[in-house]
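In order, the protein sequence lines correspond to chains B and H.
So that you can map any letter, position 22 of the first sequence is 22 in the working numbering, and since no number is skipped, the others follow by simple counting.
So that you can map any letter, position 328 of the second sequence is 399 in the working numbering, and since no number is skipped, the others follow by simple counting.
What the hints contain is simulated information worked out from the structure, not anything from laboratory work.
Accuracy of the hints is not assured; some may be wrong.
Listed below are several chain B residues computed to face chain H (Cβ distance under 10 Å; list not exhaustive) [stated by the list, open to error]:
hint, residue
1, 22
2, 38
3, 39
4, 65
Once the Cα atoms are required to be at most 25 Å apart in a straight line, the calculated DSS-like pairs of lysine-lysine come out as [claimed, not checked]:
hint, chain 1, residue 1, chain 2, residue 2
5, B, 47, H, 322
6, H, 594, H, 268
7, B, 47, H, 348
8, H, 294, B, 47
Here are some, though not all, of the chain H residues that point toward chain B, as calculated from beta-carbon distances under 7 Å [to be verified]:
hint, residue
9, 304
10, 307
11, 316
12, 525
13, 528
14, 532
15, 566
16, 567
Ideal Cβ placement from N, Cα and C applies to all residues, glycine included.
What follows is each chain in one-letter form.
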Amino acid sequence: MEGHLRQYFPHLAAPTVVSLDGAPTVAEILQAAGVPPELPNAVLCNKLRVETSFVPPDGAELVVLSPLAGG
Amino acid sequence: MIKGYAGKVLRINLTNRRSQVSPTPESWVKEYLGGRGFIARAFWDEIKPGIDPLGPENKLMMAPGPYSGQFLSSTGKLHMGCLSPATGGYGDSNMGGHMSLELKQAGIDLLILEGAADQPVTITIDDGNVAFRDASAYWEANTFDSERHLKEELGEEWQIMVIGPGAIHGVVYACIQHDFGRQAGRTGVGTVMASKKIKAVAVRGTKDINLADPKTMLAEGEKFMSLVMGQPGFREWQPYGTPEVVPWASKQNVMPTRNFQCGQIEGFTGLDGPTMKAKVTQIDKGCTSCAIPCGKWGNGVLNGKVKPQEGPEYESVALVGSNLGLNNIQEVAYMNGLCDELGLDSISAGSCVAWAMECYEKGILSADELGRPMNFGDGEAAAFMFEQIGYGRGFGKLLGQGVRAAAAKVGKGSEKFAMHIKGLEISGYEARYAPAMMLSYMTCDLGGHHNRSWAVTHDVATGRENMDGKAEKVVWLQHVRPLFDALGCCRFPWVEAAVPVETYASFMEPITGNKWTWDEMLKASERIWNLTRMIWVRHMPGFGRAADQPPYRWAEENHTDGNPNGKHLSHEQIEDLLNRYYALRGWTENGIPTPETLQSLGLEFCVK
Numbered sequence: 001m002e003g004h005l006r007q008y009f010p011h012l013a014a015p016t017v018v019s020l021d022g023a024p025t026v027a028e029i030l031q032a033a034g035v036p037p038e039l040p041n042a043v044l045c046n047k048l049r050v051e052t053s054f055v056p057p058d059g060a061e062l063v064v065l066s067p068l069a070g071g
Numbered sequence: 072m073i074k075g076y077a078g079k080v081l082r083i084n085l086t087n088r089r090s091q092v093s094p095t096p097e098s099w100v101k102e103y104l105g106g107r108g109f110i111a112r113a114f115w116d117e118i119k120p121g122i123d124p125l126g127p128e129n130k131l132m133m134a135p136g137p138y139s140g141q142f143l144s145s146t147g148k149l150h151m152g153c154l155s156p157a158t159g160g161y162g163d164s165n166m167g168g169h170m171s172l173e174l175k176q177a178g179i180d181l182l183i184l185e186g187a188a189d190q191p192v193t194i195t196i197d198d199g200n201v202a203f204r205d206a207s208a209y210w211e212a213n214t215f216d217s218e219r220h221l222k223e224e225l226g227e228e229w230q231i232m233v234i235g236p237g238a239i240h241g242v243v244y245a246c247i248q249h250d251f252g253r254q255a256g257r258t259g260v261g262t263v264m265a266s267k268k269i270k271a272v273a274v275r276g277t278k279d280i281n282l283a284d285p286k287t288m289l290a291e292g293e294k295f296m297s298l299v300m301g302q303p304g305f306r307e308w309q310p311y312g313t314p315e316v317v318p319w320a321s322k323q324n325v326m327p328t329r330n331f332q333c334g335q336i337e338g339f340t341g342l343d344g345p346t347m348k349a350k351v352t353q354i355d356k357g358c359t360s361c362a363i364p365c366g367k368w369g370n371g372v373l374n375g376k377v378k379p380q381e382g383p384e385y386e387s388v389a390l391v392g393s394n395l396g397l398n399n400i401q402e403v404a405y406m407n408g409l410c411d412e413l414g415l416d417s418i419s420a421g422s423c424v425a426w427a428m429e430c431y432e433k434g435i436l437s438a439d440e441l442g443r444p445m446n447f448g449d450g451e452a453a454a455f456m457f458e459q460i461g462y463g464r465g466f467g468k469l470l471g472q473g474v475r476a477a478a479a480k481v482g483k484g485s486e487k488f489a490m491h492i493k494g495l496e497i498s499g500y501e502a503r504y505a506p507a508m509m510l511s512y513m514t515c516d517l518g519g520h521h522n523r524s525w526a527v528t529h530d531v532a533t534g535r536e537n538m539d540g541k542a543e544k545v546v547w548l549q550h551v552r553p554l555f556d557a558l559g560c561c562r563f564p565w566v567e568a569a570v571p572v573e574t575y576a577s578f579m580e581p582i583t584g585n586k587w588t589w590d591e592m593l594k595a596s597e598r599i600w601n602l603t604r605m606i607w608v609r610h611m612p613g614f615g616r617a618a619d620q621p622p623y624r625w626a627e628e629n630h631t632d633g634n635p636n637g638k639h640l641s642h643e644q645i646e647d648l649l650n651r652y653y654a655l656r657g658w659t660e661n662g663i664p665t666p667e668t669l670q671s672l673g674l675e676f677c678v679k
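So that you can see chain B by itself, here it is in the shape it has in the complex:
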């Protein structure tokens, strides 16, 4: 997790492995990690931006980006 959302999810400040059965969506992975899916500004899967309905491949790296925080 990147940015100011880390303060609310300190367990995700460092890279974390989330293992789920089946073919979970990004939203389901976020929920499993304790993050409401609507909270991040964007999610990257293997460095590409994806929707929360996207199903990442096994072993994918997700990066959760915080909302921009006003100028």
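Position chain H against the provided structure of chain B, taking the given hints into account.
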């Protein structure tokens, strides 16, 4: 000579056209850092209560900070302040670009413009040498033409600040423009500049800035640059700029829409960053030394009419876009360019036009009174009214006095949807069921402005219904975020690229030779915050808790869409938030800093 600073205060009296130089007070460096801190301190000493904001007694002050123009990413911010003609209280604003470095290299830590000229003038400051030029020929010209004219006349190496028609026609929320689209937009700094008959300030500086440890600063700067550019957040949002947040803000129902009647506009993806990049942006544009060029230069288009402009930023997308019922980014860019050309704060101007549109749709104002039908979503109507405001014509003359004054004049219940706090129109976040964000607006030391404390994420992450921890968060943000304004740098490496904020303490020693801890820097910011509060107390008889109240719409009307639909904070919750906030700050129940609080911060001079 104080390391890292230029060392001089330059005072220019427009009445007698004399200038005077004095040393930068060393005690100010230790207590107020620079930028906003210097301005607040000088404001207290020099701007007396009871004066007319547009009279010669008001002063317009500009100050870079110790980090301005250093070999450090995103340090191109110049701060400015004055008694605000928009609110009658403490006013300040800042802008990016290249002027902060130029002023510093011209030898200036604080520029004070006082008195008033009898004829339009352009002030030139050439390495600290002051001269005056007749500006009558281009006094009424728009901002872009004026800046272009001066670049041609003086040379490309000069940095220019100009005002536009809005300031000249007395709009109380007029901007100062620099670098063809960078605006010091809020609280009417441009209006005060016009009241002194200053059309432009042009600066050329070639002096070195004397650093305590240039070698270490260079190494720290390189490290910082790599840190910023290596952040995933930087790579994702930089191509799009701040409109990147439009989808998130819309999905959270916090994007002001149709004069804050709801928090999400239909088709909001038409306003997002990728759409802007595809349809508006031609080239990125950045400030001095910045690794994150967030400015986007491109064309706005309205019904075939093209207007080159920089932006729009998120705030403008919200206030001259969704809040006017517009969801076409090219039209919004056109509105933004029009406001910039006229020298109008797009936040305040957008809010005033949105209020007029709601008055029209509710039958409070007629097409005859307004000059034409004024429906939400009508780009031609919006553009018409921005021009009316900028040139002081028709109903635009009244809207140019701000939404508080306009609603007071029109009446008929329109005061209930005049979206301002302390007379300053509210910026781009719907906050009636976002307690930390609402408290941020209520207690901002300018009025309805977001940049002192942006707390929407905190509300969403910790629960909008939960009041606990909200006041603590707002106080912390109000110390951290304005600290950047005192240092002379931009918040984006922290808030957008996610660089750890404490990193900023490490640069003070190589720049100034003095070691500062992060906590010491926050204490300086708290000192400045209490000082600006005392400026309000001093200038506004009876100032206190009543001034910190939200607008009627937020206090009384429910959200109409999304998750917060049907909700708003109750009176009890609003008062509870204020109680908690005042207690944390060491202020009275009426919101006044106690003598003990002031003394603990070294502000004894504020105690009567």
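Now the hints, each set against the structure:
no.: 1; hint: 22; result: 26 Å, violated
no.: 2; hint: 38; result: 6 Å, holds
no.: 3; hint: 39; result: 6 Å, holds
no.: 4; hint: 65; result: 5 Å, holds
no.: 5; hint: B:47 to H:322; result: 23 Å, holds
no.: 6; hint: H:594 to H:268; result: 38 Å, violated
no.: 7; hint: B:47 to H:348; result: 20 Å, holds
no.: 8; hint: H:294 to B:47; result: 23 Å, holds
no.: 9; hint: 304; result: 5 Å, holds
no.: 10; hint: 307; result: 6 Å, holds
no.: 11; hint: 316; result: 4 Å, holds
no.: 12; hint: 525; result: 3 Å, holds
no.: 13; hint: 528; result: 5 Å, holds
no.: 14; hint: 532; result: 4 Å, holds
no.: 15; hint: 566; result: 4 Å, holds
no.: 16; hint: 567; result: 5 Å, holds
When the structure is compared with the earlier hints, violations turn up for hints 1 and 6 and for no others.
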